[in-house]
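Given chain L's structure and the hints, the job is docking chain V onto it.
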Amino acid sequence: MNSQSTTNAQDARAFYLSSFDSLSKQSFVNEPAWLHEIRRGAIERFNELGFPHTRLEEWRFTNVRAIAETEYELAAQAGEYPAEAFEAVRLPQLDAWRIVLVDGVFSAELSSLRGLPEGVRVQSLAQALETDGALVEPYLARKGSYEDNPFAALNTAFMRDGALISIPQGVELNKPIHLVYLGSAGSRARAVFPRTLVAAGANSKFEIVETFAGRGENHLTNAVAEISLGEYARGQFIKFQREAASASHISNTTIDLARGATFLHHNLNFGGSLVRNDITASLNGEDVDCTLNGLIMGHRDQHVDNHTTLLHEKPHCRSWEMYKSILDDDSSGVFKGKIFVQKDAQKTDAKQTSQSLLMSDKASINAMPQLEIYADDVKCTHGATTGRLDENALFYARARGIGPEAARAMLTYAFAAEIVEAIDLPEVRDELEGLISERLPA
Amino acid sequence: MSLLEIKNLCASIEGKQILKGVNLTVNPGEVHAIMGPNGSGKSTLSQVLAGNEAYEVTSGEIIFEGKNLLEMAPDERACEGIFMAFQYPVEIPGVGNTYFLKTAYNAVRKYRGLEEVDAVEFIKIMKEKAKLVELDDKLLKRNVNEGFSGGEKKRNEIFQMAVLDPRLAILDETDSGLDVDALRTVAGGVNKLRDEKRAIVCITHYQRILNYLEPDIVHILADGRIVRTGGSELAHEVEEKGYAWLEQGAA
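Chains as they are written, first to last, in the working numbering: chain L, 19 to 460; chain V, 22 to 272.
Just so you know, the hints here were simulated from the structure itself, not pulled from any lab data. One or more of the hints may lead you astray.
[What the hints assert, rightly or not] Calculated from the model, a selection of chain L residues having no Cβ within reach of chain V, i.e. all distances over 12 Å:
#, residue
1, SER36
2, GLY59
3, GLU62
4, HIS71
5, ALA126
6, GLY188
7, TYR250
8, ASN410
9, TYR414
[Stated by the list, open to error] Just so you have them, the derived chain L footprint on chain V, three or more residues with Cβ under 8 Å:
#, region
10, 65-74
11, 94-101
12, 113-119
13, 128-141
[Said to hold, decoys possible] Here are the in silico distance ranges between beta carbons for each label pair:
#, chain 1, residue 1, chain 2, residue 2, range
14, V, GLU137, L, SER205, 40 to 48 Å
15, L, ASN410, V, GLU155, 38 to 46 Å
16, V, ASN59, L, ALA393, 51 to 59 Å
17, V, LEU135, L, GLU439, 31 to 39 Å
18, V, ARG133, L, GLU439, 28 to 36 Å
The beta-carbon is built from N, C-alpha and C at its ideal position, and this holds for glycine as well.
Only chain L is shown next, with the shape it has when bound in the complex (with noise of 0.2 Å):
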């Protein structure tokens, strides 16, 4: 327990200012200077931000005491990871170029990169800081994506590894990315800071799956991904999160999509027990097709958090949302989609709709749409939904010779099925079919 114990707010900032400025002098010493000021910058943007409390309007549903009052591990060593447990997340089936961390470290046992097309970079972001810092440099951290967020601002501070992919102008990848984030079981509480960098070049095309598959109970991750499109690339991101039950997971996505580009964000809520994503994509030129889409399969007292901001800043431009959340016992979710349309985002067309099933008595959700409209020729929809099963369809399902449990199973994974058939990878469709199909009444 010594590693666990637990201290108030203020205590909690202390302990990572100065858990930085011993990093400062051992692990980050001999990186550049640019990465250092980036650091410095973050973790005085921490300490002036602290860690967020109900009372604030973006976390009043969302009580991350439980984490500040946590002091974790923060040292970067890699644990074991069984190989089964690897086996039952690595997505066997789906051909794909695989990029594995454990424990926020890059392993290149576990990772199989091997005929990557020219000029394409699949790799360890900690070595690509090492040895192409001027790659790396243009895309991280410089679009002021912690000024806002704490969580995101500690892990710009404390970031160790992650990934960095990088597709050049118009090259089409003809087989997905798997981004997996193992986390081993352990003992002490251990937070990691995963980062990773997208940067895919003018009429590219790629498939990204990210994986996080922590074992360690007690354990955080907070992780950042920021994601930037060329002109006319097209891209799908597939987020599976599947963390350690009684694990934390906080993350937060940034997405900018420069004119004519296409994006798909799925993100895949099965696993931790008080879980927030924040995803932010940014429209920046015209002709963008963006589309946000969320499952959440909550049980026990797991609680998730969903924060979307879609920015149209540009005319002709369509975005597409849909979250969807199944909250079962005790669990709780939030869903809060905010959408701003710039004055000069005519012709924008934007289609919010977030639907609950709630499971149980105990389970609940606060889902909140936020429209801010600034131009005047614009479609702009929303509409949130939360109810139970219908009973008319269980009724006529068991009158057919269906049982009970069967129905209910049939009719709650049909909820869901509309992100399912959104997802552009038949293998990773059939993987999200199993892990729902889990969490329905046997």
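This is chain V only, laid out in the frame that chain L set:
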């Protein structure tokens, strides 16, 4: 032994007594029509037979093939061989018609101790039955009843009946909302499913479906009781005179 025996059945919904002592005996191979005005309890009777838990059976018995039906859940009743064609078939977005029906078919087979069939086998069965009731193949690929026209929904019910092969089929106002052509097709499908082992109970407001089905026995339900039982001539009387005379006669 009779297939179905209903004895002095009383049932209510939300505290309101609807069925007030229904008696009915149905033998294998028979086609019964139960006619009655709106509010007489026709749909309540079919819902109670299918096991809808929104209805409370306050007294009476339903014996199906010697077993107490009231002790069985809706899915058990279906597995025992009772099929109700819904007056308002339910749309189920996200569930494919084929998947739905295969799940039901295998649940019934499993209950009867038979081996479940695989997808390939099932598609063969389905295609054959779809032809029998003239159901467009395309509807098999769609979600259950989603976006179906009124006629397509009713035809889909009869198609499900053909696949599930029940001992007793209850058609709850299957004729409602159908034009003449659709009615002929649906009734034609039902007729093809008639045989000496299966009984059909057709619940209807109007006589017109009975022109196609030619029931052996016609019952008139009024105010929660069967007030008349006779042959097909009874249906023609209703067609000519309406229900008012019967209710007066019963009072």
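Outcome of the hint check:
{"no.": "1", "hint": "SER36", "in the structure": "52 Å, holds"}
{"no.": "2", "hint": "GLY59", "in the structure": "47 Å, holds"}
{"no.": "3", "hint": "GLU62", "in the structure": "49 Å, holds"}
{"no.": "4", "hint": "HIS71", "in the structure": "39 Å, holds"}
{"no.": "5", "hint": "ALA126", "in the structure": "43 Å, holds"}
{"no.": "6", "hint": "GLY188", "in the structure": "38 Å, holds"}
{"no.": "7", "hint": "TYR250", "in the structure": "33 Å, holds"}
{"no.": "8", "hint": "ASN410", "in the structure": "5 Å, violated"}
{"no.": "9", "hint": "TYR414", "in the structure": "4 Å, violated"}
{"no.": "10", "hint": "65-74", "in the structure": "holds (count 4)"}
{"no.": "11", "hint": "94-101", "in the structure": "holds (count 6)"}
{"no.": "12", "hint": "113-119", "in the structure": "holds (count 4)"}
{"no.": "13", "hint": "128-141", "in the structure": "holds (count 3)"}
{"no.": "14", "hint": "V:GLU137 - L:SER205: 40 to 48 Å", "in the structure": "46 Å, holds"}
{"no.": "15", "hint": "L:ASN410 - V:GLU155: 38 to 46 Å", "in the structure": "27 Å, violated"}
{"no.": "16", "hint": "V:ASN59 - L:ALA393: 51 to 59 Å", "in the structure": "53 Å, holds"}
{"no.": "17", "hint": "V:LEU135 - L:GLU439: 31 to 39 Å", "in the structure": "32 Å, holds"}
{"no.": "18", "hint": "V:ARG133 - L:GLU439: 28 to 36 Å", "in the structure": "34 Å, holds"}
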